[in-house]
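Enquirer: Chains A and B are the protein sequences, given in the same order. Going by the numbering used here, the residue at position 285 of the first sequence is 535; the numbering climbs one at a time, nothing skipped. Going by the numbering used here, the residue at position 373 of the second sequence is 409; the numbering climbs one at a time, nothing skipped.
One thing to keep in mind: the hints can contain errors.
Using 30 Å as the maximum straight-line C-alpha spacing, the simulated DSS-like pairs for lysine-lysine come out as follows [stated by the list, open to error]:
1) K362(B) x K517(A)
2) K326(A) x K271(B)
3) K326(A) x K442(B)
Covered stretches of chain B, as calculated for chain A (at least 3 residues, CB under 8 Å) [claimed, not checked]:
4) 93 to 102
5) 115 to 126
6) 157 to 165
7) 293 to 304
8) 337 to 349
Read the hints as simulated data drawn from the structure, not as lab findings. Since this is a predicted model, take the numbers as computed values, not measurements. Ideal Cβ placement from N, Cα and C applies to all residues, glycine included.
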Amino acid sequence: MRIAGAAAAVLLGLSGCASTGIVIHRMPPETPAADNAAAIERAKALPASGPQSAAQGASAQPSAPPLTPADAPSMKTYDPWERLNRFDYRFNARFDEAVFLPVSNAYRRLPAPLRTGVHNFFGNLSEIGSVVNYTIQGRLGLGARSLGRLLVNSTLGIAGLFDVATGFHLAYAPTGFGTTLARWGMHPGPYLVVPLLGPSTLREAVGSLGDFATAYGINVANLYRGDAGWGLGPGDAVDTRSNESFRYYSTGSPFEYENVRFLYVRKLLLQDEGLHRTKPRERPAPDVPAGQ
Amino acid sequence: MARLAMASDIAAPVNDAANAGSVEGAPVPAVAAPAVQGPATGLADSAALRATVFGTPPQDRAPMPARVPLVEINVRMPWARPVPAIFWFDGKLRVWFSAQDKPAPLAIVIAGTGGDGNSSGISTLRGALYGAGYHVLTVPSPTFPGFIVSTSRTGVVGDLLQDGQDLYAAMQIIVAHLPGKAVVTDIDVIGYSLGGANAGIVKSIDAREHKLHIHRAVMIEPPVNIFDSVGRLDKLFAENIGSGEAGVERLYQRLYAQLANLYRASNRVNIDESFLLGAAGAVLTTDAEISAAIALTFRIDLMNVFFAGDLYAGTGVVVDPRHPPKVGDSLERTEQILRGKPFSEYYTKVFAPYYLKHHANATSASLMAENRLDVIGDDLRNNPDYYVQTNSDDLILDREELSWLKTTLGSRIAVYDHGGHLGNLGDRRQVGDMLDMLAGRWHGGER
Chain A
251 MRIAGAAAAV LLGLSGCAST GIVIHRMPPE TPAADNAAAI ERAKALPASG PQSAAQGASA
311 QPSAPPLTPA DAPSMKTYDP WERLNRFDYR FNARFDEAVF LPVSNAYRRL PAPLRTGVHN
371 FFGNLSEIGS VVNYTIQGRL GLGARSLGRL LVNSTLGIAG LFDVATGFHL AYAPTGFGTT
431 LARWGMHPGP YLVVPLLGPS TLREAVGSLG DFATAYGINV ANLYRGDAGW GLGPGDAVDT
491 RSNESFRYYS TGSPFEYENV RFLYVRKLLL QDEGLHRTKP RERPAPDVPA GQ
Chain B
37 MARLAMASDI AAPVNDAANA GSVEGAPVPA VAAPAVQGPA TGLADSAALR ATVFGTPPQD
97 RAPMPARVPL VEINVRMPWA RPVPAIFWFD GKLRVWFSAQ DKPAPLAIVI AGTGGDGNSS
157 GISTLRGALY GAGYHVLTVP SPTFPGFIVS TSRTGVVGDL LQDGQDLYAA MQIIVAHLPG
217 KAVVTDIDVI GYSLGGANAG IVKSIDAREH KLHIHRAVMI EPPVNIFDSV GRLDKLFAEN
277 IGSGEAGVER LYQRLYAQLA NLYRASNRVN IDESFLLGAA GAVLTTDAEI SAAIALTFRI
337 DLMNVFFAGD LYAGTGVVVD PRHPPKVGDS LERTEQILRG KPFSEYYTKV FAPYYLKHHA
397 NATSASLMAE NRLDVIGDDL RNNPDYYVQT NSDDLILDRE ELSWLKTTLG SRIAVYDHGG
457 HLGNLGDRRQ VGDMLDMLAG RWHGGER
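Same shape as in the complex, but just chain A (with noise of 0.2 Å):
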């Protein structure tokens, strides 16, 4: 039942997407008083943090040769189903339009205080996925910190609602399956846009069930298995989204979809080459599609 009117609020959504004239939409407030200073506190930031200074604390450890621009992957990428994910990549932009901005936007426009407690409160439960794939890609350390992380911020924080543990210089720092199987030699695969999820690959698919089914067997407190369970999902899509200032089609250009799936697939391939900065890895020939 609850599906079924689900879909069919759907179907109302995407059947408005025909109308004509003009249409008006409410969108969430600018801020640009707040967002300037934001900018200011990230430039005074970029220099301590910035690639160059970093570059000096990881010379002590042994590296693998520099990358050569030769290295590079292809620019064409492997995508043997396009034209169903172009299918998917237009589902996806129409449900964005009526479904899932709406929604997020009319959530932009709660007070901020409580959407950051939300949003910290997903991010807590995501750090049990972490430390249990940060252990099993044998990256002790950075488990430590996510579990640190954890205890912090359910118990000082409350919960997770307040993330204390950035405080402590306990930086957030997700991972997933999908890594985890790329730590593991996997190439990211056939790019693959999944439904309402969006950009993706198969590796990362399988690993986001991966994820899933981590949680869903942990169990914590009871939320993934009880009735909770039904609003996390649509809780977490929520905060994710307002999260995300990506737009469909806002490039309004034809090969969005192409520039979309370079741009993801570079940078999944980008963060594998940080998983192997020990060893040189074998490259693919350039002249197979990036990510096979």
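Following the hints, put chain B in place on chain A, whose structure we already have.
Expert: This is chain B only, laid out in the frame that chain A set:
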């Protein structure tokens, strides 16, 4: 000037997109691309190139209001043509409006090349204008794909007068339907970069047609000779990235390797915004690297304009007019080809053939002459309600063009020493002077 007077004739809606632009059977004389003299960087030095890429440092930005309300307005234009399948998402023009809760003047802001009505430059100006008590309406550049599809009557954009007519017509519809109880006491237009030139043209059209009664226009860092400015960006691309598709691929490979090495060395767990901000500073250091970034940014905007123009005009450079791409078709190869195509090719293969066919008596020379700011030279010279802000190290200008602006605007131009192209948009002086100009209390001169 002649075309400006009869611009409404040109702007007649084109209903049959497929036939309208077809060049089949009508031999069009080969046209030469505009030639550019002088350095690709115009008046810009090293510091100006950096300012162009990195923008106004946050600590130099003008004071901003705490909160700016915002609504998005989607408009289907009455003259809109059938939306090509591949552009299904661009059928409506998207503009943004911030209303004061009391009667106030309306500032209409036009974005620069390729920009939509909600880009970062737009957002900066919106904040400043709203804070100063204006209702603010922000609209995309006529070169933004969403504008080309929803609003342009030709689909072949880049022509100052035609684009100005289309913008002016769209503004009338939007202003008539502003939401809420916004009471508008006066209307001013502001634009930056190409949008600056658009703003001037729109005010000139309005001075003849009296539909909006636009009071003042502030043109921020406008080009003077559009095709020369764009030609410089072509040249910048050829010199710093290389011609053709291979140049972009080399640039990509170099950037990928640099980013991967930086990321490895950073010991960060994820690639996030702060990593990318830091990396941009490390990857873009030499003049050549910075120039490449500027040229590539422009090329990405040009690719959309080229693709749409070719589709609408039926000129068949990358889009087969008989079999236009359908929803779901891959455009990867098309995009790859367009990466290697400069503006000069858009001009010779799409723009000029289209306008030569559709405008009686037009010649390549007349097209170029009409795409100079001096088509409204008399207005700029004699009407006290036009203002210009520009930089003496702007890369889209050369010495002659800057001096033409100074001579033409006289005491109504502010020339800043540093800023490159838009590298000082939103800083205290630029914003302060802009607000003084709009209020008619600016009596400065050259600084």
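Enquirer: Confirm or reject each hint.
Expert: Evaluated hints:
1. K362(B) x K517(A): At roughly 29 Å apart (the allowed maximum being 30 Å), K517(A) and K362(B) satisfy the hint.
2. K326(A) x K271(B): holds (27 Å)
3. K326(A) x K442(B): Since the Cα atoms of K326(A) and K442(B) sit roughly 48 Å apart, the hinted pair is violated (cutoff 30 Å).
4. 93 to 102: holds (count 8)
5. 115 to 126: With 5 residues close enough to chain A, the hint holds.
6. 157 to 165: Held - the stretch 157 to 165 of chain B has 4 residues with a Cβ nearer than 8 Å to chain A, which meets the minimum of three.
7. 293 to 304: With 11 residues closer than 8 Å to chain A, the stretch 293 to 304 of chain B meets the three-residue bar; holds.
8. 337 to 349: holds (count 4)
Figure legend: structure checked against the earlier numbered hints; the only hint not met is number 3.
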